[in-house]
Amino acid sequence: MLLLGAVLGIAGAANARAPDLAQGRAVALGGGPSDQQACAACHGANGEGTMPIYPRLAGQAAFYLYKQLLDFRSGERESAVMGPIAQRLSPREMEDVAGFYAALNAPYTPAPNPDGAQLQQGGTLAAVGSSGRNIQPCANCHGQAGSGMPPSFPYLAGQSGVYLAGQLAAFRQGSRRNDPLNVMGRIAGQLNESDITALAAYFAHVYPPGRTE
Amino acid sequence: MRLTLALLCLLAASPAYAEQGDRMRGAALADQGRNGVPACRSCHGDKGIGDGSGAFPRLTGQLGFYLYKQLKDFAAGTRPSPVMSPIAAALSDREMQDVAAYYSSVQGPFFPLPILDAKLAQRGGMISAAGIPERNVPACIACHGPAASGMQPSFPYLAGQYAPYLEYQLDQFRLNRRQNSPLNVMNDIAARMTEDDMRAVSEYLAAVRPPDLSRIGASSTGPASPYTGAPLATYQGTR
Chain S
1 MLLLGAVLGI AGAANARAPD LAQGRAVALG GGPSDQQACA ACHGANGEGT
51 MPIYPRLAGQ AAFYLYKQLL DFRSGERESA VMGPIAQRLS PREMEDVAGF
101 YAALNAPYTP APNPDGAQLQ QGGTLAAVGS SGRNIQPCAN CHGQAGSGMP
151 PSFPYLAGQS GVYLAGQLAA FRQGSRRNDP LNVMGRIAGQ LNESDITALA
201 AYFAHVYPPG RTE
Chain X
1 MRLTLALLCL LAASPAYAEQ GDRMRGAALA DQGRNGVPAC RSCHGDKGIG
51 DGSGAFPRLT GQLGFYLYKQ LKDFAAGTRP SPVMSPIAAA LSDREMQDVA
101 AYYSSVQGPF FPLPILDAKL AQRGGMISAA GIPERNVPAC IACHGPAASG
151 MQPSFPYLAG QYAPYLEYQL DQFRLNRRQN SPLNVMNDIA ARMTEDDMRA
201 VSEYLAAVRP PDLSRIGASS TGPASPYTGA PLATYQGTR
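Protein chains in written order, with the working numbering: chain S, 1 to 213; chain X, 1 to 239.
Honestly, the hints are just simulated from the structure, not real lab data. All C-beta atoms, glycine included, are put in the ideal place defined by N, C-alpha and C.
These stretches of chain S come out as covered by chain X in the derived footprint (C-beta under 8 Å, 3 or more residues):
(1) 112-120
(2) 123-132
Across the chosen pairs, the derived CB separations fall in these ranges:
(3) S:Ser-79 x X:Asn-184: 51 to 61 Å
(4) X:Gln-32 x S:Gly-174: 33 to 43 Å
(5) S:Thr-50 x X:Gln-32: 39 to 49 Å
(6) S:Gln-190 x X:Asn-35: 16 to 26 Å
(7) X:Arg-135 x S:Glu-78: 55 to 65 Å
(8) X:Arg-177 x S:Ser-90: 50 to 60 Å
(9) X:Pro-82 x S:Pro-150: 26 to 36 Å
(10) X:Pro-133 x S:Pro-112: 20 to 30 Å
Next comes chain S alone, as it looks inside the complex:
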């Protein structure tokens, strides 16, 4: 209940104005009013991520993206790269670029040759957690198979494994603390190295939502 209140409280602070997707596209491509570094240079023209260390943004929940930019700007979420970029963006540009990436639908190409045993370890933890070790299933908040629960809970399905492993490690170490009530810090604290590797490998191989043929 407390958690729900925190989530709703954050969501209540959201903007009343609809994002301007054309403006968002301009910001993403580096031609926004603040003359930004292009998001696309790292995150890809379609938000697919150009390298494993950069997260996939395509189709991500708009409010989640907007809040991350706010947190990068305030330092609530620390990043040597994203901090200065977010400080140059106006709130309006953040809304627009978040809306733009949320509306994208980028191709997804799973990496070849995953380890079946590792996928099962990660998949099981994601779907049912571990009651013995007090680990909540990821699916509780991030949706079945990590498909996301907008506005606040990002999708994990199809996200870069390298990025996911890095974020779980950051939550565990306490260097990322910008989620509601530090829920992720608590959960990540229960995970060991092998769990983190398995979870990252699993989610990287799950198809993003709505992609059956």
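Following the hints, complete the assembly by docking chain X onto the known chain S.
Using the frame of chain S, we list chain X on its own:
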């Protein structure tokens, strides 16, 4: 060989499963679970199609008896699994039949295929269709049916199953951790395969799609099939 196969089929078809599971009750259990049993759907996805990762096998349209027997074996420990064994042990025989009947009755879409390595797929296709004669590995389709689409009642379909899952199971057979195939025939086969063989045949089988029977005979070119998709009862009058 034929005699062995017939014997295997007889051995595998236990009288306990009478194909009488209740699909509706099975659907309820699969989608919602019950106290002490998580919903199958939470891992195996909507209608058993999985999530595209290959962590969990596709159950959609799998043979009912095969599914039922796997649940029995998970509970008994001949197919040990830290996840499935406790779940199966909590199910009644009736519930196993219901949920097997449900998954065997459903259809569902496939996730797009990853980019296939053509050489690997060709090697896998040869193993599936012809086996590896020099190492005495029989063709998959000898037991798993044409195009590996399954053979009633015991041999599951492999076509369209997830590659990481197939490869993992072959490895489990090879290591004798999974010991629930009739006469341990899969352990024997897997022991004669290399890691490359397993990967090749898994990648190949994952890419095979079951033939769309509803389209057979619907084409305007080529010879028409006598079966056009109409209810079979309408053919009763034609002698």
